[in-house]
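Engineer: Chain residues, written in single-letter form:
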Amino acid sequence: MLKQTPLNALHRALGAKMTDFGGWEMPLHYGSQIEEHHRVRRDAGMFDVSHMLAIDVQGADAQRFLSYLLANNVAKLAVPGKALYSCMLNPAGGVLDDLIAYFFGPERYRLVVNAGTADKDLGWMTELRGRQRFKAELLPRRDLAMLAVQGPQARSRLWAALPGAEPVSAALEPFHVAFHGEIMIARTGYTGEDGFEVLLPAQAGVDLWRALLDAGVAPCGLGARDTLRLEAGMNLYGQDMDESVTPLESGLGWTVDLAGPRDFCGKAALLESRPERRMVGLLLMDRGVLRPHQRVRSSAGEGEISSGTFSPTLSRSIALARVPRAVADGETVMVEVRDKQLAAKVVRPPFVRNGRILV
Amino acid sequence: MSIPSDLKYTATHEWVRRETDGTMTVGITHHAQEQLGDIVFVETPAVGKAFKRDQECGVVESVKAASDIYAPVGGEVTAANAVLRDTPEAINQDPYGAWMFKLRPADPAEWDGLLDAAAYAKVAESEAH
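Those protein sequence lines, which keep their order, are chains A and B. Residue 1 is where the first sequence starts when you use my numbering, and the numbers rise one by one after that. Residue 1 is where the second sequence starts when you use my numbering, and the numbers rise one by one after that.
Misleading hints may appear alongside valid ones.
[To be verified] With a Cα cut of at most 27 Å, we get these calculated DSS-like pairs of lysine-lysine: (1) B:K52 x B:K122; (2) B:K102 x A:K340; (3) A:K340 x B:K122; (4) A:K267 x A:K82; (5) B:K122 x A:K17; (6) B:K52 x A:K340; (7) A:K267 x A:K135; (8) B:K49 x B:K122.
[What the hints assert, rightly or not] Among chain A residues calculated to face chain B with C-beta under 10 Å, some are: (9) G15; (10) K17; (11) M18; (12) Q33; (13) I34; (14) H37; (15) A224; (16) R287; (17) V289; (18) R291; (19) H293; (20) E304; (21) S307; (22) T309; (23) P312.
[Claimed, not checked] Label-pair restraints from in silico Cβ distances: (24) A:P324 x B:D112: 18 to 28 Å; (25) B:A82 x A:G355: 41 to 51 Å; (26) A:D20 x B:A117: 29 to 39 Å; (27) B:G22 x A:P324: 51 to 61 Å; (28) B:S126 x A:E304: 49 to 59 Å; (29) A:T126 x B:K122: 49 to 59 Å; (30) B:E56 x A:S156: 25 to 35 Å; (31) A:P163 x B:D68: 44 to 54 Å; (32) B:E56 x A:A343: 21 to 31 Å; (33) A:K17 x B:S126: 37 to 47 Å.
Everything labelled a hint here was simulated from the structure, so no lab data went into it. Glycine included, C-beta positions come from ideal geometry on N, C-alpha and C.
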């Protein structure tokens, strides 16, 4: 039996094609995935991401706990209302999950973790907390719905749909968060466009979805979410990285704070590691579509595609691939697609940001 | 579900039309394009190439996945639809109009082994559950 979000009936009423995503029954698209993709790049679209889990971390040791749990440093969150992207590592430096940490106060944080890893994450956090006797409470917030409203017009559409939201969120910088009553509004997302992610009680989530529909926001499925995030050069957990690789070989070195005396789980392993591969973007020069697990041949040796798809914005195929470190940006590599060798150019992600092609 | 009764079908979701000159025109069904979603790339077989029945002879790729196309009958390819190179989405819009290729069958009797509309409807239904 698949798990359902509070918005399940709304998706069905809109004619969504539903799919199993990490044990959740989620909308794949509502007709055309490519059309939904363009709506987000050009106007505004919305995603039900209630399958993801918010975990509130509260207590006297909340900051010390997260400082040890996460590879990025929560001490960078000096002002309440700021957010931070981070990986959570195992002792070997492998990626257990990637998440966003929201800072409300020294004793109050909220993490938003992936759906498929939520139970594993909670188990690991509970274990680590116990081992080091951190005084921090972990509150999984399955009671909340989560909507992502994304696109150049996303903010104004949300303000139109949610009375009172504009005054609290108009001045929000990217990666900052504010509250409107019990509704959390964060200027974050997974599309490479401006917009908000909104966390709110389940029934309020249903009401907001309806109001956003009335405000002209296009419902978008996980299909468009995947092509948008790949164009934006953002990793997908379980596909672009997992427990078998470190963030340093996943294009996420910028999210790991190795500076200073702070210890965190996985730090020792990362300091000892000698990354031999790196994550690059691929732009297919030939006709065809790049897919996960296809082999990449370069002058420096072999690599593998972790995510590949057709980019609706570029009208050609793009991919993220893990290749030998010596492979340089601008180089041409060959990708094995069925019985053919197709030429692809190595580029630096993102491919698209804020509606503009960058490669 | 749209399954024209004047065509024949395969269990792998190709449709086949027998032309007056004896060639057979091949495409993919409405059900197939619906399952694939937005189609973004089509590889048609080379004209002049011969295939056995059920042999892989082309590929249709959507944003979601790649799907092989099989020769519904054995024979030589006499034409491929060049329009699909630049407008692969034509298959989504008009699956029974946007043909992929034409074959001259080696054994015209293989036509009789193809599924009729009623039999194909059962195949498609069992997959749609």
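Engineer: Confirm or reject each hint.
Structural biologist: Hints, verified against the model:
1. Of the supplied pair hints, the one linking K52 (chain B) and K122 (chain B) holds, its CA atoms being roughly 26 Å apart against a limit of 27 Å.
2. In summary, the hint linking K102 (chain B) to K340 (chain A) is supported, as the alpha carbons are separated by about 24 Å, within the 27 Å threshold.
3. Between K340 (chain A) and K122 (chain B) the alpha-carbon distance is near 36 Å, which puts this suggested pair outside the 27 Å criterion.
4. The hinted pair formed by K267 (chain A) and K82 (chain A) meets the criterion: a straight-line CA distance of about 24 Å does not exceed 27 Å.
5. Restraint check for K122 (chain B) and K17 (chain A): satisfied, since their Cα atoms lie roughly 21 Å apart, inside the 27 Å limit.
6. At most 27 Å may separate the alpha-carbon atoms for a hinted pair to count; K52 (chain B) and K340 (chain A) meet this at roughly 21 Å.
7. Note on K267 (chain A) and K135 (chain A): the hinted pairing holds, with a Cα-Cα distance of about 22 Å set against a maximum of 27 Å.
8. This hinted pair does not check out: K49 (chain B) and K122 (chain B) have alpha carbons roughly 32 Å apart, beyond 27 Å.
9. Given the 10 Å rule on beta carbons, the hint for G15 (chain A) is violated: about 12 Å separates it from the nearest Cβ of chain B.
10. Here the hint on K17 (chain A) is kept, as its CB sits about 8 Å from the closest CB of chain B, short of 10 Å.
11. A least Cβ separation of about 13 Å between M18 (chain A) and chain B goes past the 10 Å threshold, and the interface hint is therefore violated.
12. Restraint check, Q33 (chain A) versus chain B: the minimum CB separation of about 5 Å is within 10 Å; hint holds.
13. Against a cut-off of 10 Å between C-beta atoms, the interface hint on I34 (chain A) holds, since the closest Cβ of chain B lies about 5 Å away.
14. The restraint placing H37 (chain A) at the interface with chain B holds, with a minimum CB-CB distance near 9 Å, inside the 10 Å limit.
15. Taking 10 Å as the C-beta contact cut-off toward chain B, the hint placing A224 (chain A) at the interface holds, the least distance being around 9 Å.
16. A distance limit of 10 Å between C-beta atoms decides the matter here; for R287 (chain A) the minimum to chain B is near 7 Å, and the interface restraint holds.
17. The interface hint given for V289 (chain A) holds, since its Cβ lies 4 Å from the closest Cβ of chain B, which is under the 10 Å cut-off.
18. Evaluation of the R291 (chain A) hint against chain B yields a held restraint, the C-beta minimum of about 7 Å falling below 10 Å.
19. Nearest Cβ of chain B to the Cβ of H293 (chain A): about 12 Å, over the 10 Å cut. The hint is violated.
20. Look at E304 (chain A): its Cβ only gets to about 17 Å from chain B, farther than 10 Å, so that hint breaks.
21. Because the beta carbon of S307 (chain A) sits about 12 Å from the nearest beta carbon in chain B, more than 10 Å, this interface hint is broken.
22. This hint holds: T309 (chain A) has a C-beta 6 Å from the nearest C-beta of chain B, less than the 10 Å allowed.
23. Residue-level restraint check for P312 (chain A) holds (minimum Cβ-Cβ distance to chain B is 8 Å; threshold 10 Å).
24. The hint said 18 to 28 Å for the Cβ distance between P324 (chain A) and D112 (chain B), and at roughly 55 Å that hint is violated.
25. For A82 (chain B) paired with G355 (chain A), a C-beta distance near 32 Å fails the hint of 41 to 51 Å.
26. For D20 (chain A) and A117 (chain B), the hinted distance range of 29 to 39 Å is satisfied, since their beta carbons lie about 31 Å from each other.
27. Between G22 (chain B) and P324 (chain A) the CB atoms are about 55 Å apart, so this pair conforms to the stated range of 51 to 61 Å.
28. In this structure the supplied range 49 to 59 Å is violated for S126 (chain B) paired with E304 (chain A), their Cβ-Cβ distance being about 36 Å.
29. Taken as a hint, the range 49 to 59 Å holds for the pair T126 (chain A) and K122 (chain B), whose Cβ atoms sit roughly 51 Å apart.
30. Hint check: E56 (chain B) to S156 (chain A), Cβ distance near 50 Å, so the stated range 25 to 35 Å is violated.
31. Between P163 (chain A) and D68 (chain B) the C-beta distance comes to about 53 Å, which sits within the given range of 44 to 54 Å.
32. The hinted range of 21 to 31 Å is satisfied by E56 (chain B) and A343 (chain A), whose Cβ atoms lie roughly 23 Å apart.
33. About 18 Å separates the C-beta atoms of K17 (chain A) and S126 (chain B), a value inconsistent with the hinted range of 37 to 47 Å.
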